[in-house]
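Undergrad: What follows is the residue order along each chain.
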Amino acid sequence: EAQVTQNPRYLITVTGKKLTVTCSQNMNHEYMSWYRQDPGLGLRQIYYSMNVEVTDKGDVPEGYKVSRKEKRNFPLILESPSPNQTSLYFCATSTVPHYGYTFGSGTRLTVV
Amino acid sequence: ELKVEQNPLFLSMQEGKNYTIYCNYSTTSDRLYWYRQDPGKSLESLFVLLSNGAVKQEGRLMASLDTKARLSTLHITAAVHDLSATYFCAVADNNAGNMLTFGGGTRLMVKP
Chain C
1 EAQVTQNPRY
11 LITVTGKKLT
21 VTCSQNMNHE
31 YMSWYRQDPG
41 LGLRQIYYSM
51 NVEVTDKGDV
61 PEGYKVSRKE
71 KRNFPLILES
81 PSPNQTSLYF
91 CATSTVPHYG
101 YTFGSGTRLT
111 VV
Chain G
1 ELKVEQNPLF
11 LSMQEGKNYT
21 IYCNYSTTSD
31 RLYWYRQDPG
41 KSLESLFVLL
51 SNGAVKQEGR
61 LMASLDTKAR
71 LSTLHITAAV
81 HDLSATYFCA
91 VADNNAGNML
101 TFGGGTRLMV
111 KP
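Those sequence lines, one after another, are chains C and G.
Count the first sequence with our numbering and you get residues 1 to 112, in order.
Count the second sequence with our numbering and you get residues 1 to 112, in order.
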């Protein structure tokens, strides 16, 4: 079954404690992306990757890191999380050129 | 830079009524997507519109695309409570490898 798998689904952490949210896809998609969703602000892109070892900033990259060492995985790293990074995070994947995105099930992160 | 604007942002309607959600975008595009999101859930693909004049229908929802007017509509016919959700349009940017830019979303509440 074609899918995008995010882990964890829910996470509560404390300010400053490094964390990683994983995203894995089995569709051989070249493009992977991270979004955050906040009430009233819609979906905002954090980082994206067009292929292995190719990553670029989206609209709100501050405080986040990513890596793309393998085609199927695109982890989102928060080196020192802060409360303003409390949000619902989605990983999305696509072929290139893009024919619509497939979204993961989301990660609800709370930073206290 | 491609901008995508949805109207209205919030819609409360009675069951059985009809209504239309509008999605305007700022630059040339020939590909538009509609997604549905239930609270706390991921985004589910509803429609893919790939050409001017395209019309797709699924149940009580019908989507259309006018690339000359840079406008897509999502029409709801005889709304039912199960259609309550947030609806997003997303437009492929022809000048950015067809990456998607999302509208702000329309939160639909259908009252019995």
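Among the hints, erroneous ones may be present.
What the hints assert, rightly or not - If you anchor each label on the Cβ, the simulated ranges turn out as follows:
#, chain 1, residue 1, chain 2, residue 2, range
1, G, Gly16, C, Asn51, 48 to 56 Å
2, G, Glu15, C, Lys71, 17 to 25 Å
3, C, Asn73, G, Asp38, 24 to 32 Å
4, G, Leu9, C, Met50, 29 to 37 Å
5, C, Asn84, G, Asn24, 25 to 33 Å
6, G, Ala78, C, Arg108, 41 to 49 Å
7, C, Lys71, G, Asp30, 39 to 47 Å
8, G, Thr73, C, Ile77, 36 to 44 Å
9, C, Met50, G, Asp30, 28 to 36 Å
10, C, Thr110, G, Gly53, 21 to 29 Å
Simulated from the structure, these hints should not be mistaken for lab results.
Bear in mind the structure is a predicted one, so any value in this text is a computation, not a measurement.
Each residue gets a CB set at the ideal place from its N, CA and C atoms; glycine is no exception.
Undergrad: Does each hint fit the structure? Answer for all of them.
TA: Now for the hints, and whether the structure bears them out:
{"no.": "1", "hint": "Gly16(G) / Asn51(C): 48 to 56 Å", "in the structure": "holds, 49 Å"}
{"no.": "2", "hint": "Glu15(G) / Lys71(C): 17 to 25 Å", "in the structure": "violated, 46 Å"}
{"no.": "3", "hint": "Asn73(C) / Asp38(G): 24 to 32 Å", "in the structure": "holds, 27 Å"}
{"no.": "4", "hint": "Leu9(G) / Met50(C): 29 to 37 Å", "in the structure": "holds, 32 Å"}
{"no.": "5", "hint": "Asn84(C) / Asn24(G): 25 to 33 Å", "in the structure": "holds, 30 Å"}
{"no.": "6", "hint": "Ala78(G) / Arg108(C): 41 to 49 Å", "in the structure": "violated, 34 Å"}
{"no.": "7", "hint": "Lys71(C) / Asp30(G): 39 to 47 Å", "in the structure": "violated, 28 Å"}
{"no.": "8", "hint": "Thr73(G) / Ile77(C): 36 to 44 Å", "in the structure": "holds, 40 Å"}
{"no.": "9", "hint": "Met50(C) / Asp30(G): 28 to 36 Å", "in the structure": "violated, 21 Å"}
{"no.": "10", "hint": "Thr110(C) / Gly53(G): 21 to 29 Å", "in the structure": "violated, 46 Å"}
Hint compliance for this structure: hints 2, 6, 7, 9, 10 are broken, all remaining hints hold.
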